[in-house]
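> Single-letter residue listing:
Number of protein chains: 2
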Amino acid sequence: MHPAHQTKDQRVCARRDQIVDASRLCFRKHGFHGAGMAEIAKMSQLSVGQIYRYFVNKDAIIEEIVRRIVFKKIQIMTGGAHNLKQMASNLAHRVIGAQNVDHSQIQCPELSPEQNEIDHALMLEVTAEATRNPVVAKILRDAESKLFNEAKAMLTPYYPNMPEEELKARLEMLAVLCEGTAFRRLAHKHADSEILKTVYNQVFTKVFSDYSPLHTAEN
Amino acid sequence: MHPAHQTKDQRVCARRDQIVDASRLCFRKHGFHGAGMAEIAKMSQLSVGQIYRYFVNKDAIIEEIVRRIVFKKIQIMTGGAHNLKQMASNLAHRVIGAQNVDHSQIQCPELSPEQNEIDHALMLEVTAEATRNPVVAKILRDAESKLFNEAKAMLTPYYPNMPEEELKARLEMLAVLCEGTAFRRLAHKHADSEILKTVYNQVFTKVFSDYSPLHTAEN
Chain A
1 MHPAHQTKDQ RVCARRDQIV DASRLCFRKH GFHGAGMAEI AKMSQLSVGQ IYRYFVNKDA
61 IIEEIVRRIV FKKIQIMTGG AHNLKQMASN LAHRVIGAQN VDHSQIQCPE LSPEQNEIDH
121 ALMLEVTAEA TRNPVVAKIL RDAESKLFNE AKAMLTPYYP NMPEEELKAR LEMLAVLCEG
181 TAFRRLAHKH ADSEILKTVY NQVFTKVFSD YSPLHTAEN
Chain B
1 MHPAHQTKDQ RVCARRDQIV DASRLCFRKH GFHGAGMAEI AKMSQLSVGQ IYRYFVNKDA
61 IIEEIVRRIV FKKIQIMTGG AHNLKQMASN LAHRVIGAQN VDHSQIQCPE LSPEQNEIDH
121 ALMLEVTAEA TRNPVVAKIL RDAESKLFNE AKAMLTPYYP NMPEEELKAR LEMLAVLCEG
181 TAFRRLAHKH ADSEILKTVY NQVFTKVFSD YSPLHTAEN
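In order, the protein sequence lines correspond to chains A and B. According to the UniProt record's numbering, the stretch in the first sequence is residues 1 to 219, in order. According to the UniProt record's numbering, the stretch in the second sequence is residues 1 to 219, in order.
If you are wondering where the hints come from, they were derived from the structure by calculation, not from laboratory data. A hint or two may mislead.
Identical copies go unnamed one by one, so any copy, or any two together, can satisfy a pair.
Capping the alpha-carbon separation at 20 Å, the derived lysine to aspartate or glutamate pairs in EDC-like fashion look like this [to be verified]:
id: 1; residue 1: LYS189; residue 2: GLU166
id: 2; residue 1: LYS206; residue 2: GLU166
id: 3; residue 1: LYS42; residue 2: ASP142
id: 4; residue 1: LYS138; residue 2: GLU117
id: 5; residue 1: LYS146; residue 2: ASP192
Keep in mind that this is a model prediction, so the values were computed, not measured.
Construct the complete structure from the given sequences, taking the supplied hints into account.
Given below as structure tokens:
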């Protein structure tokens, strides 16, 4: 749409998108500390002053980047069915994020493998930054809590007999497996993926089947 | 020892230690991209020229930092007994690295919780850098392979009946759990640690006990 035909809100959103996209590239290329506001401005084709009209500082840009990545993760998660067999296979083959998503089912514009890789790299960058910057640590913690609670809400109907505390422990284990697998994706694949898949299937059967979920046949 | 009484090798080692220690602080403070050779030189109280006599570039310093962290991890791992109950407890309480190590048993000068935290943060930094720098990706991959193979050599005698490929899949799962737990250490603790410990114990019993290890009573 030509800028002249946009409402004020649409223009603000477009500018914020422009800055977020440029910042993703800058952080990706030089790391969070290596990328300054001047470079972000240059990449956005805006002035530094204009950037500050939309984001108070670099932390605020990070917050928006993390918010968007987590929003996508929630869309992907809630757009699919809870399927532990699929999860075992994805973990064993180091498929992370949206690589196995049926795009026809989920309205999410940025699900390409490239965007997925950039999301993963940016989350590593943000996590490293969180160890030295309490503001970024809080952004990350809040975003993760939102994701965890969405996952809990999604899983609860599948395990009507499981006490909440038991479900939370199993969800934490799944989260650890997903993040550990993502973290190790650059490591050499020592294990045979099919054997690893069998191990994960044993694990999931062991810790989830005790509570006679409604949908065990599929999981 | 006064420099005048050191051999040439001792002087080289002392200089390299000095540069590595300063670089750790610089990378920790400003990230890998934010810390330049000039700053590392200043922090080391050496000239930039002197730094280049000991390390050809920043990647070489990273390589040495990663090598030392992995060496410590191997010392800690091989200094202790294979104990899955302890591992379940450590994972559930997010105890990573050397926090529960009996220092009297292991000769390793840098095992304080602070050094442990710095090691963890540096590994996040290096992993983020590895997504954009193939030299650093190779450093990380080689170091991880060394660690994995040491772990395999350590575990093999405990599971004499387990085929190597089965052991490697289980080791990969343990590595994923360790790295995922470390990665999530800034996240809110949603799960009760005691319940999570029980879940991990169930998992370990399930996937390790099929092969009647020699030491199941203790594990």
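> Now tell me if each hint is right for this structure.
Now for the hints, and whether the structure bears them out:
no.	hint	result
1	LYS189 with GLU166	between (32 Å within a copy, 14 Å between copies)
2	LYS206 with GLU166	both (13 Å within a copy, 18 Å between copies)
3	LYS42 with ASP142	neither (30 Å within a copy, 37 Å between copies)
4	LYS138 with GLU117	between (23 Å within a copy, 18 Å between copies)
5	LYS146 with ASP192	between (34 Å within a copy, 18 Å between copies)
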